[in-house]
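Now for the letters of each chain:
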Amino acid sequence: MTRLLLFGRLHDIAGWRERRLDAAPATLFALRDALAREDAALGEALAGPGVHAVVDQIIVRGDASLVGAAEVAFLPPMSGG
Amino acid sequence: MSVTLSKTPIAPGALLDGFCANRSETGAVASFTGLVRAEQGVTQALEPESYEGFAEKQIEAMVASAVERFSLQDALVVHRIGRIGPGEAVRIIAAAAPHRKAALEACDHLTDYLKSRAPFWKKEHGPDGERWIEPTIADHQDAARWDEATK
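Sequence lines, in order, name chains A and B. So the first sequence is numbered by the numbering used here: it starts at 488 and just counts up by one. So the second sequence is numbered by the numbering used here: it starts at 411 and just counts up by one.
Same shape as in the complex, but just chain B (with noise of 0.2 Å):
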């Protein structure tokens, strides 16, 4: 199990690669990327901003629960913070599972998760300056679902 915040770009092929590799009991990998939409001109860069030391023990809680959860054999969670540009990879999030199914629930349980309750700030900036962005209320919604799947 790996979380990483990273200052500079990442390379969501070099990483995926990485997570794949020496796995003879591993039958699927699913993998999530994000990137940061341009919206038409709006978005000219994102820039999550994060507290760290904090932020890793906080998704290193979820992603354990996670591995619990679905019964994985690993995950994967790096988030890029600071400026980054339209194009770029925000995040990839990986996890490793005897079968696709476990797989493919914990990466969609884990890009609500963090979507919407990782400790990150995200400030946009456009032609009209910048704003903080609020998780909506479908962010919220998606992430509620796993809640009540547990009760």
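The following block holds chain A by itself, in its conformation from the complex (with noise of 0.2 Å):
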């Protein structure tokens, strides 16, 4: 089970904040395609400048395994506090 997490205006595009997957893809680029032919919409904005993967909480660049994951978050540019 993997927890997956959208934030800021990710989340407004897609209409959800949070899904559990049974079975994740077995890497964050074919998540991140799954999600793109699900939604186009959402596909674009991850593609988009300085949105960031988060893999267990440990910011991932380029993609990386989903294997055992627990949680994903894809975070939008962030805007400070």
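Watch out, some of these pointers could steer you wrong.
Calculated lysine to aspartate or glutamate pairs in the EDC-like style (CA-CA distance at most 16 Å, straight line) [said to hold, decoys possible]: (1) LYS533/B - GLU459/B; (2) LYS467/B - ASP543/A; (3) LYS533/B - ASP499/A; (4) LYS533/B - GLU457/B; (5) LYS511/B - ASP484/B; (6) LYS417/B - GLU498/B.
For the record, the hints were derived by calculation from the structure and aren't laboratory data.
Bring the two chains, given one by one in their own frames, into a single complex with the hints.
What follows is the structure in structure tokens.
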């Protein structure tokens, strides 16, 4: 079970904030592709500049394995406090 | 060192009183309190959102780096999340040091970092609806001057 989280404008675009995946794709890029196939607007937003992916609370640059990942989050550019 | 995200109103005076208590070797406590501005009615409420758990860790790393850089004795960050009305405190930052210059500079540094690099996303609610606020160029420049100072 993998918890998938969207923050900021990403959850406004998707219309959801959190989802539980029984079987997450094996990699981050595969997850992003699957989300883009389901929702083109979200796919475009996830590919946009400054969007970070966080796997189990660690920022990931590039692709990453999601095998055993408990939580994946997509963060739009941080707007600060 | 303490970092807290608060879903309930924060009381800057009480937090500062607590932070200043029992400090026989501290000569200076500098603090910054950020309030929500109404912008002549444009902002009816501000709604910062955060990634709880992750955000505290990121901010704690920023604070730990400031403690080391400015040789602080202690630091405090309390940040509101959720819907906040004009005039309410959105954040308080405090730094304790033996002397004033380090405390003032650390407070300024932490404020700049939190304004542009902390994992918050702010939604503004106004008469024309809601919008997400991005950091301004000035916010990024304010934070970048501390990067340059370390080169």
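Status of the hints after comparison with the structure:
no. : hint                : in the structure
1   : LYS533/B - GLU459/B : 8 Å, holds
2   : LYS467/B - ASP543/A : 12 Å, holds
3   : LYS533/B - ASP499/A : 11 Å, holds
4   : LYS533/B - GLU457/B : 5 Å, holds
5   : LYS511/B - ASP484/B : 15 Å, holds
6   : LYS417/B - GLU498/B : 13 Å, holds
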